Every structure is written in C-alpha cells, then in structure tokens.
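Make the full structure from the sequences, and use the hints.
Residue numbers (our numbering), protein chains in the order written: chain A, 1 to 222; chain B, 1 to 248; chain C, 1 to 225; chain D, 1 to 54.
Bear in mind the hints are in silico, worked out from the structure with no lab data behind them. Model, not experiment: these values are computed from the prediction. Glycine is no exception: its CB is placed at the ideal position from the N, C-alpha and C atoms. Check the hints yourself; a few may be wrong.
Example chain B residues on the side facing chain D (calculated, C-beta under 8 Å, incomplete) [as the list claims (entries may be wrong)]: (1) Arg25; (2) Glu54; (3) Ala107; (4) Leu115; (5) Arg118; (6) Tyr217; (7) Leu219; (8) Arg225; (9) Trp228; (10) Val231; (11) Arg235; (12) Ser237; (13) Val240; (14) Leu241; (15) Leu244.
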Amino acid sequence: MLAPDVHLPAVSPPAISAPAISPLTCLLSVTELSIERGGFALFRPLSFQLQCGSVVMIAADNGVGKTSLLRTLAGLASAAEGEFQWHVAARELRFLGHQPGLKGALSLLDNLRFWLAQDQCGWDAAAVEAGLRRFNLRGHEEQPAAALSAGQRRRVALLRLQLSPGQCWLLDEPFANLDQHGIALVQELIATRLAQGGSVILTSHGQLPVPIAVLRVALVAV
Amino acid sequence: MGFWTWLNRQGSPPRFFDWTKHWVRWCWYLFFPTLLFGLYLALLVSPADYLQGESARIMHVHVPSAWMSLTVYFIMAVQAVGVLIWRLKVCEALMLAAAPTGAMFTAVTLLTGMLWGRPTWGTYWVWDARLTSELVLFFMYLGIVALAQAYSDRRAGARAAAVLCLVGVVQLPIIRYSVEWWNTLHQGSTIRLLGESSIHASMLWPLLVLTLATKLYFLAVWLSRARWLIVHSERQSAWVLQRLGLAP
Amino acid sequence: MSRELRSVTTAFRREIKLALKRPADIWLSVGFAVLVTMLFGIALGGSPNKLAAAGPAVLFTTLLLASFLAVSRMFAEDLEDGSLDQMLISPSSLTAILYGKVLAFWCLHGLSLVLATPILALLLRLDMDQLPLLLLTCTIVTLGLNLLGLVGAALTVRLRAGAMLLALIVLPLMVPLLVFGLGAVMSASQGESGIAGLALAAAETLLLLALAPAAAALGLRITSE
Amino acid sequence: MTAWLMSFGHWGFIVPSYAIFLLALAWDAGRGWTARNAIEQQIRAHQARKREVE
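Structural data, given as structure tokens:
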C-alpha cells in the first residue's frame, strides 16, 4: 500500500509494443465481436487482446454501446456475433457499473462484509481499517449507505475492489464525476493492481484524466 | 460427414428456410383431403353413440384438439432445450412459432368441451378434471407468448420463454394429476368427459383421420411461421436479401 | 462449511438484515391477507354453512394471492441499486445466492402469513381442532408458492410491466399447491386424516426446492442485458 | 341462445363445434399468413429506404 503522503510516481507502464500474443500472459482475446440492439449492430466488429498487467481503454461517445460491450465481456449480457475467450476463471472478474451495488438500508460496514463474504474472501480487519482511512471513509462505518454521497458510495465500491481484487477488473467510466482526490485514488488503485499482475478494462468517452499507458480501442458506430 | 454435423448444418437458418419450403407445401396438399375425409367420416358415416346420441360426434373434434394442445407444448419444450443449451436461432423461431397454434388448439378444446358438456350434462362449464387442466394449459400458453413479447430484445424474450416452458413442462403432469386427484376427492369419480368406454371401430376411424389432419395442419402452419420468424431475425443478412431477390 | 453453504448463509443473513430494517413489507402482506379474508367474511358471513363450506378455499386462495403479491418486488430493488449485477458476476454461485434469498424471503413473508393463519381461520369460523394440520400445510404450501414466485420474479425483473405478467406466468403453476393444500384440509374436515394432501404438497414443494432456484438463476443470467 | 341451439337437437351443438374447429384453424393460418406478408413488406421497405439513402 503506498504511503498516503508520497506523491504518486508516474508509473512507467510495461512496454506495450506490438502485443506479443503469448497465451500465458493473454487474459482475454476478442475476435470480431459485435453487439446487436433491436436487430441492428451497435458498432463495427471489434478485436483486441488483454495482456496480463495491462490496461485496455474502450473509447466511444455515449450511446455507441461501450457499457453493453463491457457487460458482455463481464458475462452480464449476450453478444450477437463474433466471440471472446477468457483465459482466466470467471470468479476472477470484478465489474463496477454505474450503480455500485450498495444496499441503501444497510450500513457501510455491513455492505462491505456481505460483499467480501459473497466474493468468498476473508475479512481482514486491519486491511479494512487501512482502506477506510485511505479512502477517507472513516466515521461513516455505521451510517446507512443511503446517507452517503455518490462519491462516497463510489469509493466504497473501489475499496471493495482493493480488498477482494480479482485477476481482471471491468470498470465502467471509473473517472466519471470524481473530484481531484477521487481521480488520484482510482489511478493509484489501478497502478497497484497492475503492479500485482492484475489487468483492467475500462470505458471512457474522452481522454483519461491521468497518464496511464493504455491500449486504446475505439468503438466506431455503424 | 457425421449425422450431427448434417443436422447442425440443416439447422443453419438459410438451409432451414430452403428445405422447409417443400415440407410446408406438401403438408398443405396432404392436409386438405385428410380434413375433408375426416369430416365426412365424423359427420356422416360414423353411427351415433348409444349413450350420448349424436353429440358424441363433437368428440371427433374435441379429442384431436386436446391431444394437439399437449403435443405442441412438448414440442415447444424440446425446442426450448435447443434455445437454452445451444442458443440456436432456428430453435427460438420454432418454439415461438408453435405457441400461437398450441393456444388455438387449447381454446378449441375448451370451446368444443363446453358445447359437448351442455347437452350431456346440462351446463356449459363443468369443473371436470380434463377441462380444468386444459384451462390451466391455456394460461400457460398465454404466459409463454406474453413473456416472449414483453422483452425488447427478441432473443432474450425467447430465452425467458424457454425457461418458463421447461418449468411448465415439469409442472404439467403434476397439474393434471392434482386436478384429477382433487376431482376424485370431491365427488368420487365423475363420468369422464373423454369416455374410455369401448370405442366402436367405426367411431375410431374419424378420430384417427382428424388427428392426422391436425398434425399435418400443425406442421404446415408451424414451419411456415418459423421460416418467417427466422427471416425476420436475420433480416440484415445477405441470404435473406438474396432469397427475397433484393440482393444488391 | 463448504463454499456453497457459506454463500447461501451470506445471502440469507443479508436479506434478513435488510428486511428487519424495513419491517413494513411484512406487515403489508399480512395485512393484505387479513383484508381479503375480511372481504370474503363480509360477503359470505351471512350464512354460516356457506362460510363453513368455503372457509378453507378462501384461506388458501388468500395465502396464494398474498404470497404472489409479496414476491413481485423480490428482485426490483436489487436491479435498481446494481447488486443484481454483483450477484451475477460474483464467485459464489448464483443458485446458492438465490437459495439464501428465497429461504430468507420465506422466513419473512411465508412464515408471517402462517402466523396470521389462526386469525384468518377465526374470521372464517373454521373449526379450531384442525389448526395444527392447517398450520403445517400452510407452512409447506407457502414455501412452494415462494419458490414458484422466485422463478416468475427472475423472469420478469427487467420488464416494466412485470407485475401483471408475473401473475399470468406464476398463478397457473400454483394450481397443484393450492389443490393439494386444500385437499389436505378438506379431507381432514371430512374425518379422514389429511396426510395424503399434505404428503403431495410436501412432494411438490421439495421438487420446487430442487428446481426453482436453478431455473431462476438461469432465468436471471440469460435475460440480463 | 341455448334454447335456440337446443331447438336443433344435438346438431345445434355439433355444427357450432365443427364451425369453431374449422374457423380456428383458418384464423390461425390466416394470422401466420398476414405475419409473413408484414415481415416481407417490412424488409422490402427497409431495403428500398436504404437504397434511396445510398
């Protein structure tokens, strides 16, 4: 865990030259994937590879189907044509959509407890404590989640990602309506994850607000 | 080329569209004479039943429809397996194409059952075990059709309807048994509407001919509706445009 | 504890904790049952023998409608706050989560209806020495009804006009449970023991216990978009 | 209505039954046919529009 006050070093990404397709490090291979809504293809067929320890950014303006694509890769929706092949177990995927998935009536800690139990990873009080401090959610533990602001709810979901990290994260516009501190948090989280050999697929409609080397995949509307 | 690869290739939409064209035409050609012959046998040739008199002739229409209402449901359940496991577009089209015809046969069974009940029992509707389970089956058909159409994404609708169809097919024998058990509990064994009393041979022929007629009818309507559901779901692809003579 | 069992208990505890924070839902379904019984009581109350004859039928029909009503909101909240997606993608199997969810739902809504059954029986003037059999039958039947409702709710969760469609899907499938439960109580009131109906209702509920969560998991997974 | 049907004896019920049977068959086949035409029409119209756009 990076000490909070150290300025974030510009993380030098693993060299992303022409991706050598070696099955060992390739987590996901997508070939000619396209999604249909109401009988019409949303974007031109898409092919890319997700390497271990790298980030793929799916760039498209709103309404072209980047959320549908992300949900399809996460197995939450069904693609129309083409196929994609995960080389990692389905239990290693983590998905963060627009709705973080918090139960409003339950307190923050309860939500975390049930999440981590559902993710089948242990409850490490020290890590949770450190995480709460790092994501400055201290003092809100017993508050019902409904009382938290959208930014705080997003940070709880990010804390969950840190506490039960899977091999691959699928984040839908992680930097959307976050303040400066929030953006730094997300960047640090992604950086640590990549350093530990995880990988991330994220969607965004503009330029990323932080210098992360990404394999940029553009969705071309049909 | 193994049987399975042949079957799989037959299942591909364009090939399915082609070879079923002949089936549909032949089914219609065979259906009309069979129907006319069956009606002739049922209405004119077969003698009146010694117990119920002339109104027993309604049986020649009621029973084939009742058998068809069940057969169609099981055919849909078989297609539902194809929809859920292999996600075949042809299975989705075949399942959804069969539902309206199944509902129609169930409605015919109910209406003719009521018209048969009036002279024999004096009331149109009797909570007889068979009629009750036909009524429940009718609502199961409506449930499948309504669920399939409720989804904006047609393929997701077909899959949801497939799950409902499979759950329904597991419950169907239990529903039929529970209704019959309920009737025996209530009034002892009532005279069964479909009298299993010895059916005289001359009564059997019209029944079999009309049953064959309903099977041919079902094949014709089912396959032709399925063909065009496939065309609709593949309306973007080249083979559809080529078949319709719209190829650029 | 095996991994599956832990996911079942996790989902169970979460649903119970969630419901205890909002007890209104439970009172609503019990209140609905008592209200419907009151309407029948007023309508049939005039002639005691008519009420006595129709009593069990009214009771079971009310139970069926009350548990159907409660089940229509089962997944709505999960869809809105995004936890349905987390359930679909979570390492613990979706079927295990749904077992926990439906058992918790039954403990909350089903058993609360069973606890209300004596009041309903009183309103309908059923003879009270059959109460133990009635309570046992209602316990089994409400579990079966909730399991069927689980499948229906899973198939209609993403639809706007889902509640009406849920009725069309689920009520025909509830006929066996209604008939078996009613048969148990009616044959008991005619002197024979009500074991036959009870056993049949239990068999149906056990079949649903094995089938429904898996079907609901499949339904949720393939209709999610 | 029932009295009127009864006046024809049993045939008052046989004929409506067969009529319902045949009409239902025709109606379902008809619905299939109109659905078929509607689909074909929709595809032709869509292609015509597309050709105009190009």
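Here is what the structure says about each hint:
| no. | hint | in the structure |
| --- | --- | --- |
| 1 | Arg25 | violated, 14 Å |
| 2 | Glu54 | holds, 4 Å |
| 3 | Ala107 | holds, 7 Å |
| 4 | Leu115 | holds, 5 Å |
| 5 | Arg118 | holds, 6 Å |
| 6 | Tyr217 | holds, 6 Å |
| 7 | Leu219 | violated, 12 Å |
| 8 | Arg225 | holds, 5 Å |
| 9 | Trp228 | holds, 4 Å |
| 10 | Val231 | holds, 6 Å |
| 11 | Arg235 | holds, 5 Å |
| 12 | Ser237 | violated, 11 Å |
| 13 | Val240 | holds, 7 Å |
| 14 | Leu241 | holds, 7 Å |
| 15 | Leu244 | holds, 6 Å |
Checked against the numbered hints above, the structure breaks hints 1, 7 and 12 and satisfies the rest.
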